[in-house]
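**Student:** In our numbering, each residue carries its 1-based index in the sequence shown increased by 6.
If you are wondering where the hints come from, they were derived from the structure by calculation, not from laboratory data. No experiment lies behind these values; they were computed from the predicted model shown. One should not assume that every hint holds.
[Stated by the list, open to error] Lysine-lysine pairs mimicking DSS-like chemistry, simulated, CA-CA at most 27 Å apart:
#1 LYS570 <-> LYS527
#2 LYS252 <-> LYS695
#3 LYS369 <-> LYS413
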Amino acid sequence: MVSVGRFGASKDKERRGLSFLIFVAIIGFSIARGVATFYTNFLWFGSIELTSVWWTIILTRLSLVAATSLIAFLFIFVNLRLAVRASPVLDIFDSLDFENPDPMSRLRSWVNERFVRFRTPASIAISLFLGIGASILWEPVLLYLNQVEFGVVDPIFNADISRYVYGLPLFRQAVSWAIQLVIVCSGIVGLYFIATGAVQIRQGQLPEVSSGAKAHLSVLLAFIALLKAAAYRLDAYDLLYSPRGKVFGASYTDVKAHLPALNLLILISIFGAILLLFNIRRRGWLLPTTAIGLWLAVSVIVGGIVPAGVQRFRVLPDELNKELPYVADNIKYTRLAYGLDQIEEIPFAGSNELNSSSLQENKQTVDNIRLWDPTVLAETYSQLQEIRAYYGLTEVDVDRYVIDGNKTQVMVAARELDQTSLPATGWVNERLQYTHGFGVVFSPANEVAAQGQPDFYVKGVPATTSSPELEVEQPRIYFGETSEAGDYVFVNTLQDEVDYPMSTEGQTVAYTNYSGNGGIKINSIIKRLGFALRYSDLNVLISNQLTNDSKVIMVRNILERVKKAAPFLYTDNDPYIALIDGNLFWIVDMYTVTDRYPYAQPADTSRINERSGLPGNFNYIRNSVKAVVNAYDGTMSFYVEEADDPLIRSYNKIFPELFTPKSEMPDSLINHVRYPEDLFTIQSDMYRKYHMTNPKVFYADEDPWSIPSDSSTTPQLATLRGELTELGFRPMVPYYLLMNLPGEEDLSYLILQPFNPENRPNMQSFLVANADPDDYGRLINYYLPKGDFVDGPSQVATRIQQDPAISQIFTLLDQQGSQIIKGNLFVVPINQSILYYQPIYLQGEENPLPEFKFVVVVYQDRIVMRDTLDSALAGIFGDATIEEGIDESLSTNDAILDLLARASDAFSNAQEALLEGDLGSYQNLIEQAERLVKKATELLDENNK
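Based on the provided sequences and hints, a complete structural model is requested.
**Tutor:** Right, here's the structure in full:
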């Protein structure tokens, strides 16, 4: 007869065994996958010829683990060994009573025996744990060993900035690690002493400590005191980043009260360590207790009460004079940290003298006025040029090309593969067949084709081009902006890749096979096993479609790719594609940053796009690197843009094989480099306040600027980091222009940001950054006279919204079921005048295809809305005779819009006549406008019947 209890116990044992096997399998798989990831990373760095970067990082981390683990092991093991020697064999605090032995003595013997047995493996385990944690210091260590002086000293300690950028972060983490080590060791030793009776804690009495335990614990506490002294010294340096004063950086109270307090605490900590060591030969703990009490008293009085008193009774009654030198330091170092000291200040008249002759003189600027908004054009491109659902044209960028001998501003988008919209799912489709995007779309930024659509330079699949300068020799895109992180495909397999859709000879698609140098050959079972484990993809091992010539193409997202190759650099939010010598390249702006620049105000990142790779906290930034990625084979080049930046010079010393001097960048590539959006946005936001260089003016906050609000209704592809957007305020973002700067004859490719005085709507100034090769990085602030009042963007947007003629047209269009999309409101400086314009797009409810319909031009008190820029400018500056007849060549809808546009011109001209006192013309023009609106209304009614 089978015992039920035994049977149940057997089942429990089996379940426990199975659970254990599952646990072991999970752990084993995790370890194997980690090894596979390590191995395939090595293969990837080898495939891009940057193995030296990988080895430098890995060997530095391993060296740190080895060095810190050894230090920790020696410290812990020696202390545990000394603890055993310091512990009594018998309880020294009890009398020897062999008839009534202490029941705890057996426990103490048991603890002592096992402590001796396990102290070595325990020391190894703890030291490895601490050592692995120290491996994150690889970058601070390498930077410290390869530091480059900034050539600027701080005003308090008179040390080069490099001390704080390179040394302070490393020493702070090193001291923290050392304190952690000593505290962990002290805790173990203390518990051991308690367990063995060397330290006895009795209720209602002071602890009784053996002489050996007292000596040992005193030394450990002395270590902690000395480390605390070192931490106080670092705290003194940290005063350079104090947020307590009027501005960021050490204030009067910090320098006159906190700094002396920290110096006193350093002395007390050292004195306390000496007392602890001196107390080893003395009975009791009076001296250490006195030292601790003194330390606590000084911390509270000198570290808290005294600074508060200095602030209240010395600073506040005379804050301006007390804080003025420190405000000056904050201004100086903030401007240095963000490159604001390089901004040229040039007066701009803001005159009302612009006329048709001026426009003719600035024809290049007028001809390159951008009529297309990238976010609107993205939807238009998607509707007209995606060709298939598995292609995406979600990102439209602005660039300039020489076309027919003229520098022209163009809109460009890459036709990337959308893996989420394939015609069918499955491993073959996702990993072998649909592997790449195909081609680009180009259109001029300043031209509109029939039906309000873009006038394409390059379109279709395969591409057709109207300009020989834009011929694409290699249109395939294996590396892109929208690829998902971690995405991978296999090429050169037995399965042909889908190249592009076609309809000839009964085929639906054309096929291709990859012939580039990118990718990693999977020509061994070890490599296939490695990638199978990395991606948890069994098909990599068993698929008969893969051969020894097959390659895996991994890290296909360009931002992920450049970040993996250079993990210490930070990426801009907007990489852009460029056509160079028939090939497609992605250009990615990359930054060096630190938060350790003394006295520099932390960056305002509220207007930075959430897609930006910049950290949330920094107070120094340089666009040090232009990364270029070949869209076909993934080849990367990292060109040093800011050769004077100490940080990039340090990284160049650490990773010399990674970087290429900008002097070696091809001219064809240099012509497409632009000033980065994130950097310019940050500089603009910091300049709103730090244009004030007079400390008294800055202290009183007499002349702060603000960013105008954005009046456009275009879709936002990504949100900004700042909270203002969540409250409904949409700040105007900087935009790229191809124009003549005031007083210059040649076209310049610029990024521009206008400013208002804070809480006032008028224009104060506009900041531009030049991106042309000869003048790259030149920053100019054009400031308007303070006594004059020039309308700012917000005022102009309000005037457009309230214009009766424009409002009436918008109302009629809305009644037709059309959605009006207002493009960006652009500020265009021409000569010494400001011209505003805003493109207007129309999108039907049933057909979400945005089309260009009007452009509103505003100059001084004149507002004109027409269907072309030339006619709008003629309405502002020329003698515009308005016809009243219906244009029979237009469709009904377009004829209605044409009539309404002419009505708007008549209203605008009427307002001008009224201002000039010409009441007769005013009356005639008003009547003409009313007749045009009536005709449009009648035509609309007929169309709706």
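**Student:** Hints broken by the structure, by number, lowest first?
**Tutor:** none
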